[in-house]
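> Chains S and P supply the protein sequences, listed in that same order. Start counting at 1 in the first sequence, then tack on 11, and there's your number in the numbering used here. Start counting at 1 in the second sequence, then tack on 1227, and there's your number in the numbering used here.
Calculated from the structure, these hints are not laboratory results. A portion of the hints provided could be inaccurate.
Dumping the calculated SDA-like pairs for lysine to any residue here, alpha-carbon to alpha-carbon at most 20 Å [said to hold, decoys possible]:
(1) 13(S) with 1239(P)
(2) 31(S) with 1481(P)
(3) 31(S) with 1236(P)
(4) 126(S) with 96(S)
(5) 31(S) with 1271(P)
(6) 1481(P) with 1517(P)
(7) 1229(P) with 40(S)
(8) 1229(P) with 27(S)
A few chain P residues that don't get close to chain S, going by computed Cβ distances all over 10 Å [unchecked claim]:
(9) 1233
(10) 1249
(11) 1287
(12) 1332
(13) 1418
(14) 1460
Keep in mind that this is a model prediction, so the values were computed, not measured. In this text, a Cβ means the ideal position worked out from N, Cα and C, and glycines have one as well.
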Amino acid sequence: MKVELSVNGGQRTVDIEPRKTLIDCLRDDFGLTGSHAGCEHGICGACTVLLDGEPARSCLIFAVQADGYEITTIEGVAPAPGELSVIQDAFCETHGMQCGFCTPGMVMTATAFLKRNPQPTRADIVEAISGNICRCTGYGQIVEAITLAADRLARANMPRGDQG
Amino acid sequence: MKPVPFDYVRPGSLEEACALLAEDADARVIAGGQSLVPMLAMRLARPARLVDILRLSELSGIRNGDSRIVIGATTRQATAEAHPLIVGKVPLLKIVMPWIGHAATRARGTVGGSIAHADPSAEIPLVAATLEAEIVVQDVHGQSVIAASEFFVGPMVAAIPLGALVREIRMPVWTQPRIGTGFHEVNARHSDFAFVCAAAQVGLDDQGRCTACAVGVGGLGEYPIALKEAAAVLIATTLDEAAITDAVEAAMAKVDVFGDLHASADYRRRVGGVLARRALIDARRSALDAAQ
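Isolated chain S, as found in the complex (with noise of 0.2 Å):
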């Protein structure tokens, strides 16, 4: 079956099985390998992407459902090649990960979720990354990951001088 998907911006055919998850479609005919297959019945939040800037589990939708929504993976949240988006730059500078296999599900969960609540509590960020699992039980960074990030993307549009 032919679909039509946009993805990071560009439009891609591809003909594949109905069966055929959308994770599976990025992963195997796309080679977009940044959205990682974990449980594969929606628990785990590894495969997590935004369709139209809402985060959804791309291993619960088949790829012939997503023709018409502009599909974001974590290889599309980065400004340029080679650069990383604020919430990327702000796992890596706390060590938001350990082996690294849930990082692309949080960064994809995070860049939702401060677009929804900009200005999160500790609780209200524990509650948004609630449905990606970590098995290496590193959430105290993942945490700390993406308050840096709101209170960077906060100041983002201050002048200098009141950046603190």
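Take the given structure of chain S and dock chain P to it, following the hints.
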């Protein structure tokens, strides 16, 4: 974790969707997919064909109908959570929403999908049972209305006739001057399946006397149930704690409860009663607060 092969069709109209379901007993409806796709992945469901109704405009949206709020089946849970008609007129549905899955699943999952999936511990079916909602199902012959108390018939089994789909859910709107709600749940981690959950909505008159009462429990048996006897006993009282405790205890003694690895039947019955009591106490308190 890959589903069996299936055909995928996306009908352009509700009529077409019903015709597709009528001609193929092995077809299943898919919308948000947040419950069905895991079942497909684990091969607990093996349909020959998926009929995708998510983009049918007839099935989406929330409107004000004749003493009820009508929620189109494919309305996203995240949309319902923030919708002014739900926030203003179906407050019990509003307060359970944060307990359903996570932001990523609520952004895709639909209200009708949760109803049709009929998980005995799910929050939206609990609200539908508690408030005595009506579920409208549609097939090629037309639509019919099923009371929530008749709709949920077993774990993951709803009384949707073969070849029909859930079209809309009609939630009753209460008109008492003061309305309050309460909801409690015990689970393993936030937004995981509830072992036990309980919901209550009460309406008070200007003297603080209860003029409308609904309380229900989920996760205890094969489907969520309204504790109608308890609600009836509490009408015309001031909902003091002793009255609530007696009413809930009497009603809970008659509920069929199952046990499993997560929680024994005794635990579920006891916790179900405690949560129902707390939900009623919270509902009364929030109704009194709402008046100030």
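> Each hint: holds or not?
Hint check results:
Annotation: proposed proximity of residue 13(S) to residue 1239(P) holds, straight-line Cα distance about 18 Å (limit 20 Å). Pair hint residue 31(S) plus residue 1481(P) does not hold up; C-alpha atoms about 47 Å apart against a cutoff of 20 Å. As the CA atoms of residue 31(S) and residue 1236(P) are separated by approximately 14 Å, the hinted pair is consistent with the 20 Å bound. Distance check on the hinted pair: residue 126(S) and residue 96(S) sit about 13 Å apart at the alpha-carbon level, within 20 Å; holds.
With a C-alpha separation of about 17 Å, the suggested pairing of residue 31(S) with residue 1271(P) holds against the 20 Å cut-off. A distance of roughly 33 Å separates the Cα atoms of residue 1481(P) and residue 1517(P); the hinted pair therefore is violated under the 20 Å criterion. Restraint check: the Cα-Cα separation between residue 1229(P) and residue 40(S) comes to about 16 Å, which is no more than 20 Å; the hinted pair holds. Taken as a hint, the residue 1229(P) and residue 27(S) pair is honoured in the structure, with Cα atoms around 14 Å apart against an allowance of 20 Å.
Not every Cβ of chain S is farther than 10 Å from the Cβ of residue 1233(P); the closest lies at roughly 6 Å, contradicting the non-interface assignment. No beta-carbon of chain S is positioned within 10 Å of the beta-carbon of residue 1249(P); the least distance is around 21 Å. In this structure residue 1287(P) is separated from chain S by more than 10 Å, as the shortest Cβ-Cβ distance comes to about 14 Å. Consistency note on residue 1332(P): stated as away from chain S, yet its beta-carbon is not over 10 Å from all of that chain's, at 7 Å minimum.
For residue 1418(P), the shortest C-beta to C-beta distance to chain S comes to about 6 Å, within the 10 Å cut-off, and the non-interface label is violated. A cut-off of 10 Å between C-beta atoms confirms that residue 1460(P) is not in contact with chain S; the least separation is 37 Å.
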